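Trainee: Residue strings, one per chain:
There are 2 protein chains.
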Amino acid sequence: MKHLITLPGVFHLEGGGTLRDVEVSVRTWGRHRSSATLICHALTGNADADEWWGGLFGMGRVFDPNTSYIVSTNVLGGCSGTTGPTSKPTGADEPFGPDFPSITIRDMVHLQKAVLDELGVTHLDLVIGGSMGGMQVLEWGILYPDRVGAIAPIAVGSAQSAWAIGISEAQRHAITSDPNFSAGRYPPQAPPADGLATARMFAMCSYRSHESFESKFARTEDAGTFGVQAYLRHQGTTLVERFDANTYLTLIDAMDSHDLGRNRGPREAIARRITQPALVVGITSDVLYPLAEVKALAEVLPNATFAVLDSPQGHDAFLTDTTELDEIVQGFLAGLGRSVPLGSHGSA
Amino acid sequence: MKHLITLPGVFHLEGGGTLRDVEVSVRTWGRHRSSATLICHALTGNADADEWWGGLFGMGRVFDPNTSYIVSTNVLGGCSGTTGPTSKPTGADEPFGPDFPSITIRDMVHLQKAVLDELGVTHLDLVIGGSMGGMQVLEWGILYPDRVGAIAPIAVGSAQSAWAIGISEAQRHAITSDPNFSAGRYPPQAPPADGLATARMFAMCSYRSHESFESKFARTEDAGTFGVQAYLRHQGTTLVERFDANTYLTLIDAMDSHDLGRNRGPREAIARRITQPALVVGITSDVLYPLAEVKALAEVLPNATFAVLDSPQGHDAFLTDTTELDEIVQGFLAGLGRSVPLGSHGSA
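Chain order of the listed sequences is V and A.
Going by my numbering, the first residue of the first sequence is number 81, and it counts up by one from there.
Going by my numbering, the first residue of the second sequence is number 81, and it counts up by one from there.
Looking at chain V on its own, in the form it has when it is part of the complex:
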């Protein structure tokens, strides 16, 4: 079901800013709120988790609407229905654009909690997500521990690494130096398309791997253009069609802010407060959040199960290798002593 939920009044942000009458685009599946799951999306994702994580949906899978109430929201600062840089402030004629306030992963989580209150969901059996979604998952474990039964952060660490911040920075430079960016005051019909496309092209490299590109493209050529070149150009163009540059900047800033210890205390000590059962999934070929970083997160969480998704697909394996991921998550849930519906997909 699609919902557009408005939260009347003032929403306070960690950075000191405020937003009024925040709107949130929400999808829900199923009716049995006694067992609820929250799905958190990554950078360019949205509330339509059945589209970008379809392999995990269905009878006998992790997201089974017959047995569970499943919720996904477009994050705060997004451009797929939730209040963000493309939204107009209450009573204004022009969108926020570059005046949209700085937000953090924690702000995203507070908003999700408010939405779940509206939906009448007081307890989540599982909060799950990869990459930026995984950052939200971890913050759920700290901000609302009493509401969360288990968490599954995937392909993420306890803080955004210098490496990931560096890769963000190159993308930020690509977008902000596009003359069309105009300090963020571009008209919707003339966005910084080249800069956003460049950022996406580089991001796609960081989401994939040497091995996945080699097996998919090698040195195939068409009229002097290598297959991988055409693929990346296409990725750049299509992102420009579906995503907004100010939003992209808002969200990579939020990702770079990710640090469980920020304004709280020593990162490891804070992470140890996450006492829920945690399934931490690392991907063997992940360049952006390498396995060692994810493993280090698992080692610091007091009640973690570390699982390795063995895949050549790189960081994006959490989106592409859903059969294996479904098995991993179901195995974890089964180990918690939950009744996991197995449906037609076989034995435990």
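Some hints could be false.
One copy or two, either will do: identical chains are not told apart, so a pair holds if it fits within one copy or between any two.
As the list claims (entries may be wrong) - Quick list of in silico lysine to any residue cross-link-like pairs, SDA-like style, CA-CA up to 20 angstroms:
(1) Lys168 to Ile350
(2) Lys168 to Ala303
(3) Lys375 to Ile85
(4) Lys82 to Asp406
(5) Lys375 to Ala298
(6) Lys193 to Phe91
(7) Lys375 to Pro392
(8) Lys193 to Ala273
(9) Lys168 to Gln315
(10) Lys375 to Arg299
Calculated from the structure, these hints are not laboratory results.
From a predicted model like this one, the values you see are computed outputs, not experimental measurements.
Using the hints, position chain A against chain V.
Mentor: The following block gives chain A in isolation, referenced to the frame of chain V:
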């Protein structure tokens, strides 16, 4: 010694183009031409190998001018003294700019051979280089096998991978979409500085590693800017000051063309023609030319020694970890039964 060597007449290029009266910037060290070494530089390098590979120079090191004649040239298409896009065609008032013809790694090698003829060097004991330099090293093994005693390709494969081509393509897009690029017809005082800086920022990420950035920067901040952000911006700015955008494009195109099999036959069969003793060095943390790719090159060369440079520094370890690299190369040379001068650096 610095040389500027002009090769009068027509220089034919693999792609069908020609150049006239090609000039080459050359550095030489030592006098004993009976034992000669050629150093090949990487993308933004130049003939001043004692500056960017200083750790390998000196008494008892791989490059010892007392016992060997050492040559390094700025590559064809470069912008540090050799004919390239910033040069003026014979008799013209304007530089080649975007009209500079397409070149390949093989063209670079043919030019180096002509330079060595001018210098009276008919035999090279060793041809060595990393990254784009390693591509030239491999082509030396195929194009002039009778002139080369041994080769040392470092951090490179038998062909540019789809992964590396993809990373090139994102950089190419950054440069060519900068409005200042003007299809390559920018004035020297108004180059596509933003695009070239973005490209360099991406490239620097690919040259380093998660671990090196984490140990150097972690999440250190100064006035709201992370250390890694300031570092990458500085890297972008300084490259713009010392490098030309058309040249950058010319050279990454040449790198993307790298394929030992191109227009020759099956790549592995061609690689097997390189029968000289070959020291193939891979770097454990290399993201751009991962260890597995370099190892695969070593496995196909019939007379190769594979050495692992164990370093967290990423691809650039061949430039930063020179003590270890010097040991590796000296060990290889000693194994060839050469008289390797050990100087003050100890025993064999």
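Trainee: A separate judgement is required for each hint: does it hold in the structure or not?
Mentor: Hint by hint, here is what the structure shows:
1. Lys168 to Ile350: neither (37 angstroms within a copy, 62 angstroms between copies)
2. Lys168 to Ala303: Neither, since 45 angstroms and 30 angstroms both go past 20 angstroms.
3. Lys375 to Ile85: neither (37 angstroms within a copy, 55 angstroms between copies)
4. Lys82 to Asp406: neither (24 angstroms within a copy, 63 angstroms between copies)
5. Lys375 to Ala298: between (31 angstroms within a copy, 17 angstroms between copies)
6. Lys193 to Phe91: within (12 angstroms within a copy, 70 angstroms between copies)
7. Lys375 to Pro392: Cα proximity of Lys375 and Pro392: in one copy and across copies (18 angstroms, 18 angstroms).
8. Lys193 to Ala273: Neither. Shortest intra-copy (34 angstroms) and inter-copy (45 angstroms) distances fail the 20 angstroms Cα cut-off.
9. Lys168 to Gln315: This pair counts as neither: shortest intra-copy Cα distance 28 angstroms, inter-copy 38 angstroms.
10. Lys375 to Arg299: Answer is between: at 19 angstroms across copies they meet the 20 angstroms cutoff, but 34 angstroms inside does not.
In the structure shown, a violation is registered for the earlier hints numbered 1, 2, 3, 4, 8, 9, in ascending order.
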